[in-house]
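*Asks:* Spelled out from the first residue to the last, the chains are:
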Amino acid sequence: AQSVTQPDIHITVSEGASLELRCNYSYGATPYLFWYVQSPGQGLQLLLKYFSGDTLVQGIKGFEAEFKRSQSSFNLRKPSVHWSDAAEYFCAVGPYSSASKIIFGSGTRLSIRP
Amino acid sequence: EAQVTQNPRYLITVTGKKLTVTCSQNMNHEYMSWYRQDPGLGLRQIYYSMNVEVTDKGDVPEGYKVSRKEKRNFPLILESPSPNQTSLYFCASSLLGERSYEQYFGPGTRLTVT
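Protein chains in written order, with the working numbering: chain V, 1 to 114; chain Y, 1 to 114.
Hints listed in this document are in silico derivations from the structure and should not be mistaken for laboratory results. Ideal placement from N, C-alpha and C gives every residue a C-beta, glycine not left out. Heads up, a few of these hints could be off.
[Stated by the list, open to error] Facing chain Y, from chain V, some residues (calculated, C-beta under 10 angstroms): (1) TYR32; (2) PHE34; (3) GLN38; (4) GLY43; (5) LEU44; (6) THR55; (7) LEU56; (8) VAL81; (9) GLY94; (10) PHE104; (11) GLY105; (12) GLY107.
Full structure from sequences and hints, please.
*Replies:* Written as structure tokens, this is what we have:
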């Protein structure tokens, strides 16, 4: 079955510390992977996406993600978090060029410790 | 300003009372979609539309209806709401094809059915 797993429900990191949010997927075809961020009280915003090519992709707001096919993972990273990064983060997978079949993970809530 | 608007933002209603949540986008996007967000479940797609008069079911369509009579509008209709439809609802829009994952989300509608 196709699925996305975000094993961490809630993570707290100190401001300035590095961040890694985990994402594992199960998908039969070549996956199209991405991360969305949801700030409090707002809709989702696309952070970055990956389909092919370089397995390390850069996104907005200083985020990056690395695709590891052997581990079926697409973890999100940031070298130094800011208080404004506190939000919920969703990993998602789908077929190329068809957001109608997108599958979202359950999300990871990120809190920032001053 | 490019945006997706939803109304109302908050709604409390009673079981069985028909309601409509409106969604409008000003970006001339072909693709529009409705999601519901529930704790621990992430976002699940209710219905989507690839263009005017073209709609299709997502993963959780039961109890919902949609219409796409105009390109900019994609209302969500609950003919007879039930308590299990209490949720946070998001409308999203995008271009088709490769950019379909670059979805613009509305601010959300929090619905409570008593």
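*Asks:* If a hint holds in the structure, say so; if it does not, say that too.
*Replies:* We went through each hint and held it up to the structure:
no. : hint   : in the structure
1   : TYR32  : 7 angstroms, holds
2   : PHE34  : 6 angstroms, holds
3   : GLN38  : 8 angstroms, holds
4   : GLY43  : 3 angstroms, holds
5   : LEU44  : 5 angstroms, holds
6   : THR55  : 18 angstroms, violated
7   : LEU56  : 19 angstroms, violated
8   : VAL81  : 22 angstroms, violated
9   : GLY94  : 7 angstroms, holds
10  : PHE104 : 4 angstroms, holds
11  : GLY105 : 5 angstroms, holds
12  : GLY107 : 5 angstroms, holds
When held up to the earlier numbered hints, the structure conflicts with 6, 7 and 8 and fits the remainder.
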